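Asks: This is what each chain is made of:
There are 2 protein chains.
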Amino acid sequence: MPEAKPPTERTLSEEEVVRLIQSLAGSGDGELLVGIGDDAAVLSVQARELVVTTDLLVEGVHFDLGFISPYDLGGRAMAANLSDLAGMGAKPRWGFLSLGLPPKPQAAFIGELVRGLVEFGRRFGLTLAGGDTVRSPQVLINLCLVGQADPAKPALRSGARPGDAVCVSGNLGASAAGLAWLAGGGDPDDSGAREAVQAHLRPLPRVAAGRALAESGQVHAMMDLSDGLATDLFRLAQASGLGAKVEAAALPIAESTRDLAAGLGIDPLDWALRGGEDFELLFTCGPGQLELLSALLAETEPDLALTRVGSMTGEPGVWLHGVGEPRDIGLMGYDHFREEG
Amino acid sequence: MPEAKPPTERTLSEEEVVRLIQSLAGSGDGELLVGIGDDAAVLSVQARELVVTTDLLVEGVHFDLGFISPYDLGGRAMAANLSDLAGMGAKPRWGFLSLGLPPKPQAAFIGELVRGLVEFGRRFGLTLAGGDTVRSPQVLINLCLVGQADPAKPALRSGARPGDAVCVSGNLGASAAGLAWLAGGGDPDDSGAREAVQAHLRPLPRVAAGRALAESGQVHAMMDLSDGLATDLFRLAQASGLGAKVEAAALPIAESTRDLAAGLGIDPLDWALRGGEDFELLFTCGPGQLELLSALLAETEPDLALTRVGSMTGEPGVWLHGVGEPRDIGLMGYDHFREEG
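For the record, the sequence lines run as chains A and B. In my numbering, each residue carries its 1-based index in the first sequence increased by 186. In my numbering, each residue carries its 1-based index in the second sequence increased by 186.
Keep in mind the hints are simulated off the structure, nothing from the lab. Quick caveat, the model's predicted, so the values are computed rather than measured. Heads up, the beta-carbon is just placed ideally off N, CA and C, and yes, glycines get one too. One thing to keep in mind: the hints can contain errors.
[Stated by the list, open to error] Label-pair restraints from in silico Cβ distances:
id, chain 1, residue 1, chain 2, residue 2, range
1, B, G212, A, S480, 57 to 63 Å
2, A, G216, B, L251, 54 to 60 Å
3, B, P323, A, G508, 38 to 44 Å
4, A, K339, B, K290, 38 to 44 Å
5, B, R513, A, S209, 46 to 52 Å
Please construct the entire structure, taking both the sequences and the accompanying hints into account.
Replies: Written out as C-alpha cells, the structure reads:
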C-alpha cells in the first residue's frame, strides 16, 4: 500500500493510522484467518495450549522519548512482552497492539514505532494481528501477545523445590546502567557505555532459551526478570511457598556495568538486584542440573551463559548473603505505584 | 482472600493491587489452566477458531470520572469490548486487563472498577484471566478479549452484497443523548433522561443477538456500532467494495432521545448518525430476510427490535436520503484523533 512510506511531516487521521499499521503488519500466516481491519482478529488454532500476556507502557513512566528512538521504542515494547512468553517457555504467535497517540499524530513517528515493533516481533515468529488506536495526552503502548506452549508444558513460577539451584541467564543490571548513563546525559556511542546502552535500548528476550529450558523437563520454576532479581525471585519463591538465598559474589555483572557504576559512585549490586528490565530468565533446577542445561543451551544460544546465583530454601523471604549480615531483600525492586524520587 | 474488601481510604502497593484483582476475578473455568499471577495466562483451548479484540480507554478522552462511577466504568469498558465480539458473532471466553492508575491508587476505586468489569463480563460468560497494572498520570483501561467463533463462522465486515438490506439492532443516538444530558449538568435520575443516561452509562452489548444472527447463516456482513452509523457503515461498505444509502426516516430513534434533542436544540439525526457508542449491531442480509431474522431473535432477545435503515449499493460512499438532496455522510463520525471543539 502507498501509505507504507508517508512524507515525514504529515499528520494522519484515524483511518490512515489503521491503514499504515495494516500495511506494516503484513499478511501473517495461514492460521491468522482475519487480521487488522475487522471488529476482531480470527485465529485458527492448531495448538491446544495457548499462553497470553499483556503489558502497558506509558510515556513518562516507562520510557522517555528524549532517550529512545520511535523504532527502538517499538522493538523494546515488543521485547518486554516477548520476555513474558519466554518466561513461560512459549512460542510467540500473534500480537494485538493498542496505541494511544497525542492529537495530530505524525506519520513518521507512528511508522517508525510500528515498524520497530513489527520487525522485532517477526524475528521471533510473531505476527501483528489486530489492535486499537486512540487519542491520548501521551504515547501509550499496550501489547497483548498470544503464544503456544505445546509440545512442552509451560514453565510456571510455582514449581520450585527446597534445595533447588536458583539460576539466571545472561548478565544483570546492564539495562539499569544504560538508563543511568543516558539519564545523566551520557553519549550513547561512548565505547565504555555502549554495551549497557544497548542492553537498555535493544534488549533481547530469551525466547529460544526459554523454550529449550521448558522443553528440557529439568526446570522446576521459571519466569522472566523484569522488575529486578530481588522482587522477581520473591514472587517466584512466594508462588512456590518457599524462600531463597542469593550469594552477592555469584551475581553475573558485566565488567562494563561495574565500570559505569564506579564512575557514578553507585553500588553495581543495586542495579543487579533492583534495576529491573533485564529481560533475562530466572529459573530453578535440581542442584546438579545446571551443567546439563548449559550444555543444552550451547546449541540454541551459544553466547548466553547460565549462572547459579543462589538456592531455594524453606525460610520465607529472599536473603542476600555475602555483604555484611544476611538481609531480606524481597520486594526490594520496582513498585509500579511508587513515584521515583 | 481478605483483600477483596479493603478499607475505603487505603492506598495499595502493586502487589496488593494484583492480589485484589486476583481475588475479584475468581478461579475461572476448566479451560483456564493458569490465571492471574504468573508471567502469562495458560488457556487449554477446545475451540478451533478464536476471536481476539482489544480496546484502550483513556480518562479525559473516553470517560470523565465526574459523570460515571468506578463500577459503571468497569462495566462500560467491558461492554465496549464485548460489543466487538458480538459484532463477530463470537462467544466471550477470557479477558486480559491492563490498568493504568495514578500514584497511590485507592483500594475502593480499584475494587469497584474491577468488580464492575468482572461482574459484567461474567454475565456474558467471560473470565478475567490476566493483566498488568502500571502507574500512569490518568486512569487507563485496556482490555483484550478472547472469544470463540465455533460452531458458526465469524461474521465479517466484508461480505455485504449489492441490494442487501442494511439493518441495525435497537435504537441509535441514545448514548450520545445521555452523554449530552450529563455533560450539561442534567440530573441522571430525571425521568425524561433516564433511558438515555442508562444507554450511556450501562450499555448492553448484543452478544446473544450477534451469535444468533451469525449462526442463522442469513447475515452477509456484520459489525458493532461504536463510532456512529455514518462511519461504521462506511467501513462495512468499504470492506465489501460497495457503497450504501440510508433513509433518514427509517432510523430508529427513541422518543426520549428526540425529546432530549428538542430540549437542547439539536437535530436527533446527528446523534443517530455520528453520536457513537451505541454498541448495537449493524448487519446486512438479503432484502427479504429481515422478517425471518426478527422472528429468530424473538426467542433469544425478545425486547430487541431489528430495523432496516437502508440498502447496499454499487455507488461508493454512504448516502443519506430524505433530508433535502442526498448527501455523502461516509466517515462523518468520530475520528479518534480529532480534538472535539
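Asks: Could you tell me which of the numbered hints above are not met by this structure, giving the numbers in increasing order?
Replies: When the structure is compared with the hints, numbers 1, 2, 5 turn out to be violated.
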